[in-house]
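S.K.: Read off the chains here:
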Amino acid sequence: MEKVLTEIAEITADPYGYVAGLKERKEKKVIGCFPMHIPDEIIHAADLIPVVIWRGNEPVTWGHAHVPPYDCGITRSFVDDAVRGKLGFMDGMVFHVRQCLQAGEFPFIMERHVKPSYQKVLYLPALYPGDVMRDFTITELEGFKTSLEEFTGKKISDDNLNKSIEIYNKNRGLLERVYEIRREKPEILKAREVMQIVWSSMFMLKEDHNKLLTELIKGMEAKTVEPEKDKIRVIPVGCLCQTLQFDILDLIEDLGMIIPDDDLYIGSRYFANQVNLDGSPLGALADRYLTRTPVCPTKGVWQVHWGDEAIKKMRDNDARGIISIIVKYCPPHACYYPDFKSKMEKEGINAIMIEMEHEIITLEAIKTRLQSFVEIIGGV
Amino acid sequence: MDVKYKVNRLQTTNEIRPLVDKHWADLRTAKERGEKVAWASGPTFIFAYAMGMKCHFMAGYSAYCGGIGAGEEVLKVAEMTGDLPETCSYHRLHMGMGEAVARGIDINPQAILPMPDLMVAGRLCPEMSHYAEGLNRRFDIRVLPIDLPSVYDLKDQPRLREFVYRQFKEVVIPTVEEVCGKPFDYDRMSEILTVLKKVATLRNQCWEFFKTKPACWTLWDYGVSIAPVFYLMGNPAGIAYYERLLEELQERKEKGIPAIAPDGEKYRLYWDGWLPWAFLGKFMRKFTPNGAICLCGRYPWEFFPHPELIDPEHPVETWADLYYGEGRLTYHFSPHGTVDLISELIEDYSIDGLVMFSSKTCRIMNLSQPGVIDVLDKKYGIPGVIVEGDMIDPAMISDAQIETRLEALYEMIDSRRR
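So the sequences go chain by chain: A and B.
If you count the first sequence from 1, you need to add 565 to reach our numbering.
If you count the second sequence from 1, you need to add 588 to reach our numbering.
Next up, chain B with everything else stripped away, as it sits in the complex (with noise of 0.2 Å):
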């Protein structure tokens, strides 16, 4: 008899979003309290925190009008003022709201933010120098972009993070200095890295329970909760947060509650790629009637896996280390960093299966998957598929084709086990 399975919701993720909101709507409000107000791409916002700016997120921004259901309608507005819908939609939701409030257009208010007095665009991406340029251009919004390569090999590591290293402490610092009036905050920068520390290891011990057989929770429940990891660093919510979302696991263990029911997961995933945001719920569907959930992540490991890296008594120098020195959090981005964190992973969290999340329009984690599902497959024969989709842009989500690649992922899987 077929097994009806069923997500167990857990409590603590509810709190989330009113974290969240407060953060968006702080924003939103911060011109009105006549605070600074700065926009960023990349891991670039901190210095704009260390300096009492309040400051948006390129990616925090775009999973927020996901999650809120705004995309499409901002999405809309971008194609109209004449955005490609090939582009970024990242990239291209920027433009919509951008254009929404230049031109007097309708949109969902809790999508619009107050135009910044600085930009500060990390191209982490090529793609973010793209968005910064057009929001400058349109907009005639300042800009300060800072160049931050991904790490091909791992030898090429001591030079960007040189590179990097003296962008911030020649560029970025002196720039936000001059934009804030006042001398660059290094105590502040500390104090944000302190309780981004606590958090992460907080978050570390909560990955513990993905490691369970059954797991207690799932990689999407985690993907709610990263905020606190990363565009919520510094606020100590975030360790209130973690903290009971540790209980709540702890409690699941103990009491053999697990992440599906009845008992547990027929197939433990691992998911690469950009989260769906605007589809998480979609995806779900997909994935929990076959028993299936995904326990872990390229992206969601991209927020400080490994805390007791980050020294706060020296806060550039660490935020360079981070992610060009032995935090390597930008060779991840890389073909060869990608093997080398999905096996850390495959071992990890006893992983059958991996979702290889191909974004239509953002092709950062992309690069050469269908090497890396060869490569893991000789090595572990573990097998991966390609699902084709979007973050955002519901254009480019083939229903049809997710089940497709889905199924043919649990059948490779069980036969395997045969």
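Pulled out of the complex, with its shape left as it was, chain A reads as follows (with noise of 0.2 Å):
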């Protein structure tokens, strides 16, 4: 278990090289996905590499040059490490457009700094009324395939298809498992730990992800923890799109919380939800994408609430507090964050919001915060 930990902190620590490692030792094309929500099972099963993009360790310096101050920490430093020639692995990008505006930002700045050799840009819908948008969801990913297939010069059988779903299908539930162990015994992983593995299932080759997350779970399986339970409960929520920074992981834990669960995007909500493998490969891709749960603001979606959600997830957890942690200029989370604090407040649930920016210049205000938190919900 220690060995799989550090072979994945070690990952984690520089996605670049491992990417370009990784494409050279599969002599295999790399294509970028913006995150969040662009099915790259079909990039797998078009023999490339998917990787998910990432928010980079540096400050920002040429990028604003290109994208403003006020987009978030993701935009401003994918845009930066692409405009400075960091990500010149990645031989394509696919952009899904209509997440959120900043996503709007990358295809025409790509096209003229970076010029990868493939670029996709889709425009997934809302999760609105009609047949029309299962409809169209299924035509942008059938336009999405024959655009991988027109770069490759190859096809992509349904067999093709469904083999790499299985793969991804394994991952989610290896990644579900991991998470129902940690469920019940919260203190066999540090917070930076489940973020590390779950990111590093974003750029890491499924298969050789499957086998890692294998042996890791057996040594969790088989591994006895000491139960705290003076440790506090709480669930973290949000931060989308991007890593939340490892300190701040570290300081909840200091502070004396832990963290049993998560709605994290690199956490639970990204492993969320199986492709039925019944019936066409593309409508169940579709499907997924479609589903309403976990609610996410990017989606549109308003029959179900997110704090209905969060809250059962602490509840389910025995948890006592909810962290929001949202990232500076993320829209779609602040607009929704007034009403998942109306939600808290309604239900009597202890919360609290944490702002996370790219460069943090100091942990202090996050500290304070934080600390007041649990001193108010028991932790003194």
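Bear in mind the hints are in silico, worked out from the structure with no lab data behind them.
Quantities reported herein were computed from a predicted structural model and do not represent experimental measurements.
Possibly wrong hints are sitting among the right ones.
Said to hold, decoys possible - Here are the simulated lysine to aspartate or glutamate pairs, EDC-like style, with alpha carbons at most 16 Å apart:
#1 B:Lys870 x B:Glu991
#2 A:Lys755 x A:Glu567
#3 A:Lys893 x B:Glu674
#4 B:Lys841 x B:Glu796
#5 B:Lys757 x A:Asp700
#6 A:Lys906 x B:Glu667
#7 A:Lys908 x A:Glu874
#8 B:Lys757 x A:Asp696
#9 A:Lys908 x B:Asp728
Stated by the list, open to error - Stretch by stretch, here's where chain A covers chain B in the computed footprint (C-beta under 8 Å, at least three residues):
#10 674-686
#11 921-931
Where is the CB? At the ideal position from N, CA and C, for every residue including glycine.
Now that you have both chains on their own, put them together as the hints suggest.
M.R.: This is the structure:
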């Protein structure tokens, strides 16, 4: 178990180097997909390496000549990485430009400054009423598949696509098993380790990741841990599209809290919902995208309240509070948050919000908020 | 000696305020008359109008709030009731107004609207969806959502047109029929489009007076005259308004009266992005003393620049085609469409420089502005600057930043002239 965790920590410490090396070892082209909704099973089935684009680890410099400072961290960081030539190992890029306005920044900048061999723009719809939404989602996915076939010069058969979906479903199942064990024994992994485990799935080949997870799970199942009953269980929510600074996760734990489960994108949201393998694979991928839960504020869902889902997760895990993590300048989350907060107040839930920026100048303000929060819910 | 520039105000534009006031007053009192009320975002209100509903329009209401000076107090209510200041100021205005009504907070009564029977929510930008969702969650407003993607690449346009047209036919029309309890009135939609076609044709004739040197009017004059080509659509008063405006502009040309005294403009500018509704005067005071005027812009050109494409005989089809067909109205939200449109405008209106207004809370028109400036500079040798601000929220406006950027623009234009 420790060996796997060390390997994952090393991989996530330098995703650039890892993916560039992977490309060389496998002799396959790499396609970067902007998070959160691109069904990269189709890229996998095209015998390419799909990776979910990540927020980098350096302050934004040249990127500010292309995007305003009031765009979110991953937008600025990704553009910065791209224009500085750090993403030369990506042969192609895919953007779902309807997810948020900032995602619309990328294609033009990439065309002009990065010139990837392959670029695809997707317009996945909001989850609104009418058959037209599902039909259009399938149209979009068919166009995506065709564009990849043109890029590689090879057809993607339904068999290949189903095989890729199976591999991805297996990965989702294994990640879910990791989370199950963590729910039983929250002390077994540090929160940063859990995030690294999920994040590594986003840029490793799923076959390779599945092997690591299988070994990890064996170790986790066998390991006994001493329950730390004085720790206060909390559920972090949000942090859409990007990694949370590991320091913040450490801070939460250092202040006497423990995370038995989460509602983070680089967390449980990433592997939620298997793809049904009965029937047409593109239809099944469309249906996964069109699933209303976990509620994602980028999808136009209001039949289910995000707050209710978070509260359920909190209660299911005997947790005592919810920590919303909003990425600074993430309009979908920021617009939803007032209603989320009202729900927390109405239901009498202990909840706090922290804003996360790409460039953290000081953790003190976040620490003060979290400290107050943990004192209020009984951590002293 | 320095030239003292001064705006020559148009007379006709004084007539717009009563038209606009009447529109909003009618909406405010509609429920008292037993009329159905709708709210709308994106180009969707025409479906409500066709059914005889009184209808609000998201950006129109926001512009009105900004224009009557109510923006700041309504935004304060939004912030006080939990909205985050980085979210779209149009979104916050509506939440603030709704919360003020729900909680009995005193705001300018002209800024208050009745809660609608239906919110026709066009998701032209994703934030319009957040706004409709918020209204539904907080005030239990029934929402009719429509996804209206902007077109990144023209090759995507046919399938997006089909997607949107199907929503009009399969979702929008059946829903407004259900809400109003009667069949959809295609004839009324045709009538509205017939009036729109006449108004937009007259408006285009007025645009010709931006081309003259010196120009006879400014983009700000047109900015306050947009309502008849948009949310006052179908109102014949719009025809009369633009007839009088055209007459006044013709007279100005004949008499040699420029938009700014004494002899007209020194710098002819293009304005990108939203108009800064609450700050039109502020910006005017930064342009005029330098002899600068804005003559054209992407947002003001969103309102049917090609009236010849409006086909009232096929109302629903033509509405889809205007936005996703030859009209290309949503394509102009993408960087490629932006470059195409601005190129046309630079050539048609003899533009010297570009002012790219970047809203800190609404990014739909900010996309790739630095890249757009670069492309156009290379193509035409015309400089551009980005000016940051907001349409409504004064907290997002910095005088010094605006002045510094505009000074830089004037200097760049001068240096290229030398």
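S.K.: Starting from lysine 906 (chain A), check that the Cα of glutamate 667 (chain B) is at most 16 Å away, please.
M.R.: holds (13 Å)
S.K.: Does glutamate 991 (chain B) sit within 16 Å of lysine 870 (chain B), going by the straight-line distance between their CA atoms?
M.R.: holds (11 Å)
S.K.: What's the verdict on lysine 908 (chain A) and aspartate 728 (chain B), does the C-alpha distance respect the 16 Å limit or exceed it?
M.R.: holds (15 Å)
S.K.: Need the status of pair lysine 908 (chain A), glutamate 874 (chain A): alpha-carbon distance at most 16 Å?
M.R.: Judged against 16 Å, a Cα distance of about 11 Å means the pair holds.
S.K.: For lysine 893 (chain A) and glutamate 674 (chain B), compute the direct alpha-carbon distance and say whether it is at most 16 Å.
M.R.: holds (9 Å)
S.K.: Examine the stretch 921-931 of chain B: at least three residues should have C-beta closer than 8 Å to a C-beta of chain A.
M.R.: holds (count 3)
S.K.: Tell me if the straight-line CA distance from lysine 757 (chain B) to aspartate 700 (chain A) falls inside 16 Å.
M.R.: Within the cut-off at roughly 15 Å; holds.
S.K.: Between the stretch 674-686 of chain B and chain A, see if three or more residues pass the 8 Å beta-carbon test, and mark the coverage as holds or violated.
M.R.: holds (count 5)
S.K.: For the pair supplied as a hint, lysine 841 (chain B) and glutamate 796 (chain B), confirm whether the alpha-carbon distance does not exceed 16 Å.
M.R.: holds (11 Å)
S.K.: Just to be careful, I want the Cα atoms of lysine 757 (chain B) and aspartate 696 (chain A) compared with a cutoff of 16 Å; is the pair within it?
M.R.: holds (12 Å)
S.K.: Given the hinted pair lysine 755 (chain A) and glutamate 567 (chain A), is their alpha-carbon gap at most 16 Å?
M.R.: holds (12 Å)
The structure agrees with every numbered hint stated previously.
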